[in-house]
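> Letter by letter, the chains look like this.
There are 2 protein chains.
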Amino acid sequence: MAAAVRVSVSARALERFRDALGADGVVSDRDALGEFRDPYAYPSWEEHTASAMVMPRSVEQVQAVVRIAGECGVSLWTFSQGRNYGYGGPAPRVGGSVLVNLRGLDRILEINEELAYALVEPGVRFFDLYEAIGQAGYRLWPSIPDLGWGSIVGNTLDHGVGFTPLGDHPTRQCGMEVVLADGDVLRTGMGGVSGSRAWQTAKRGFGPSLDSLFMQSNFGIVTKMGVWLMPEPEHYMSCSVHVQNEDDLAPLIDITRGLLMERLIDNPPSIGSAFIVAGAMPGAPLRAHWWPDPGPVPSDVIRRIAMEMEIGWWNMRFALYGPRHIIEAKERIVRQAFAQIDGAQMRTVACAGDEVVSVADMNAQVQAGIPGMDLLRMLDWHNPENGGHVDFSPVLPMIGGEVIRVTKRLRDVADRHGFDHDPAFILTSRSLVQINQTYFDSHDEARQLAAFTVVREQIAAAAELGYSAYRSHVRFMDDVAEIYDWENHASRRFNDKLKDAIDPGGVLSPGKQGIWGTQGRARSTTTLTGGA
Amino acid sequence: MAAAVRVSVSARALERFRDALGADGVVSDRDALGEFRDPYAYPSWEEHTASAMVMPRSVEQVQAVVRIAGECGVSLWTFSQGRNYGYGGPAPRVGGSVLVNLRGLDRILEINEELAYALVEPGVRFFDLYEAIGQAGYRLWPSIPDLGWGSIVGNTLDHGVGFTPLGDHPTRQCGMEVVLADGDVLRTGMGGVSGSRAWQTAKRGFGPSLDSLFMQSNFGIVTKMGVWLMPEPEHYMSCSVHVQNEDDLAPLIDITRGLLMERLIDNPPSIGSAFIVAGAMPGAPLRAHWWPDPGPVPSDVIRRIAMEMEIGWWNMRFALYGPRHIIEAKERIVRQAFAQIDGAQMRTVACAGDEVVSVADMNAQVQAGIPGMDLLRMLDWHNPENGGHVDFSPVLPMIGGEVIRVTKRLRDVADRHGFDHDPAFILTSRSLVQINQTYFDSHDEARQLAAFTVVREQIAAAAELGYSAYRSHVRFMDDVAEIYDWENHASRRFNDKLKDAIDPGGVLSPGKQGIWGTQGRARSTTTLTGGA
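Chains as they are written, first to last, in this note's numbering: chain A, 3 to 534; chain B, 3 to 534.
With the rest of the complex left out, here is chain A (with noise of 0.2 Å):
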């Protein structure tokens, strides 16, 4: 299997990438580089570290990079803010690419109010385009993850979740722009039509949809992408639901299930423990106050976290948007429905849509499209220094006895190797994304790699009971990959011929998602420099 491949950029092609973009434009020197390596990576770590980066400020620079790249045999890795913290941030799965800094590619190209869709660069961030919404006066709120910093491009290509009814955000994605690896540029869907008025309504032109091929892959640079928008509801109504046991997250998964498919819950609810939402409370006691152990809590410690903080074990968040009149009634039959669990209960905030801006609650503004940094407190209540974590992110189909089922086979490996198991779950309609965070000092580096070792043995796991994640850390792109393995690995084999036939120098993202095109992947077997 591929690993620690790494490849290095010539002064010939840096000169050519400087000549193209000017010499601000282009970074090499190994301290202003260190910013762009996994947040979370011990100091000495080197594995997934770049050689250099660009930084293109049009379409037409982004061409003159890949250009370049296919000319000189450069590996490029491509990212538009780098936020994917727990999977790796900015850093190249094959260590010495030049990444591709996509920040300056920073403009909103449209709102439009009328049919709730916006135009971007892949540098725009939830906030920017949040704020200018704000400051043109639309009635419009963006679908955003629960921290806004991260790109809005960046984040559906890596098939993000959000928190509005258009929440799961490739879905609400419309029409790309794409930089392929020779240098053209492609626009999906109506945008072939020259002067196109549909572009950004219509999510399929004629013949094949290309968009999400664009997604969690390595066969082009999106340049732009619609994203709809909902209109400001005339109400909404944030809700929380609290249970006290751990095997409620059954009964909480099946009901909720039920609600989504009738559409009483307007928009993709998620499921938080104990830990996660006592430990993003501003002002809250730190993990050490109840547990100064570095094992994982105990179950008792648990209990105590969340009866003192008056949250449940499992906490699930919800919202409702629409005619005061709809949200009440809907509200009367989720709650009805809930109290079938023993000892849960609900809680709600519910204000006029206009006035959403004023209510201080974190739950409350994610779900209303308002972007914050809160849930990053997470973070420091498990080790307010140098608090690190890697993810590991199962699908699993919306049964609560299955998903209780894995949580206990992941959160016995994580058991085992004295980690706190602590997952959290976004809620679509039939299935549901499991994270498994686990969290260390990002200074240990023995501690880190006993984490990567947990996200190893959960990788194989959950493919033991027919489960893949739906993202991974560079780091463990080959060995999710490497579950797709049903007749002789045709979804890996496939996928290789379109790489070949896109980009056949392996210019883009070598090894993203376990892509690597025939060529790459030769290389990548044979020039392993150590086990990851």
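Hints are supplied without guarantee of correctness; some may be wrong.
Copies of the same chain are indistinguishable here, so a pair counts whether it falls within one copy or spans any two.
What the hints assert, rightly or not - Only pairs whose alpha carbons sit at most 25 Å apart, straight line, appear in this in silico SDA-like list of lysine to any residue:
#1 K410 <-> S196
#2 K410 <-> L117
#3 K410 <-> G197
#4 K410 <-> D26
#5 K499 <-> E73
#6 K499 <-> S196
#7 K499 <-> Q521
#8 K499 <-> E62
#9 K410 <-> D249
#10 K499 <-> G72
#11 K410 <-> Q521
#12 K499 <-> C74
#13 K410 <-> R199
#14 K410 <-> E248
#15 K499 <-> A524
#16 K410 <-> I372
#17 K410 <-> T430
#18 K410 <-> E459
#19 K499 <-> D356
#20 K499 <-> Q65
#21 K410 <-> M309
Hints are computed from structural coordinates only; laboratory data are not their basis.
Position chain B relative to chain A; hints supplied.
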């Protein structure tokens, strides 16, 4: 431009197909093949006719077919049921192709009530799945188009639309199995994981999502597909709004856009003219009763038809699903919204979800997933003996004024050639498909060719305004693809590159959606046998 290419199949290839499928799996008799022409083609039509047909009954037989075709240089043309009438039905783009008729792959492999999905083969019709759900006693509603005889898979692959809340069929698709040109088999999404338990519940796996690549393309033959179903709702209301004036279309669309975005209408509404609504009514007087002339029905007669049949110039249907008091609350809001249009009438049919089978109303049935064939009456209305039609269906942003502008432009074309212009509209959230149907006597060659001229001119007129069709008759696939001209036809060049990589021999449905691959394109433009 590629036009009337014709190929032939060798006796040797037919022999090999018979060896693989048995003698009854291969048809080469000219009369028997007559049934698989364009269903509305005039009697002497030759252009898009097949030279033989194979009927595999298993995935392995499909694999054998593509392998033999590859080895013998045969052009295949695949259809599931071939009911895409108005766009050529099962007729191949390239005359002389061997049809791959998938009606024999007709198994419903799974219906999961808890997670509300089904896994079907391409020969499964909307009728079949509906019946199977009923026989099993599951409380699930499928999403269906107006005519129930089509293939669920085929409809989805051609970007079909249905009329429950899961009516956007490509979006409600989840997981595919595909036979590739080299006989390899691929499963998309989580299906790549052996023993996956999430294949039909999660729309994406790890890496790029490939499903949409196999829709409206010739990159593979889909042999299994997951579709999501909706749980039977507690209560149900089928609604219709009727407006009196031609220009009321604009406010009707604008108001509906707002209601859809606020999720006060639950499914994709569709709008039909007085023609189509009067025409589909059982026992209603035919067109000749109102207007005996073959030329376009004048405005005052349209108005008279609407008045006497107690419908509107435009008639929109939509539906509400859920708890009774929520439906009724929505109904009040929706009713108030449409009351802004002078003279608008709203009618409703409501019942408990489990009583819908007994509601004798075509629109109520279709929007509840009960398949029928009623809309086909429309054809008899125009011509009770040899009615035929050809459709041009551009996708427009959902802005009333813009839709009117395009509609008038397209009607001018129909008028000029002496045809009725009968547009219908299917509304999604930000765009709509405008289906311009041109009716003709299918035994009248001159009239049919004139109808094709209408389509060709409508394609050009819409392109001038920046719009393209969402699907097309085989005869116009190149014309529509040609409109995607941005960046020197980047879209066509990219599709050709994929075709070259995935199907280098050009075996699968050459020319479908204007995709030929570079070699196929060269052949297609050098072997013209006549203008289309």
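> Quick one: which hint numbers does this structure break? Sort them smallest to largest.
4, 11, 16 and 19
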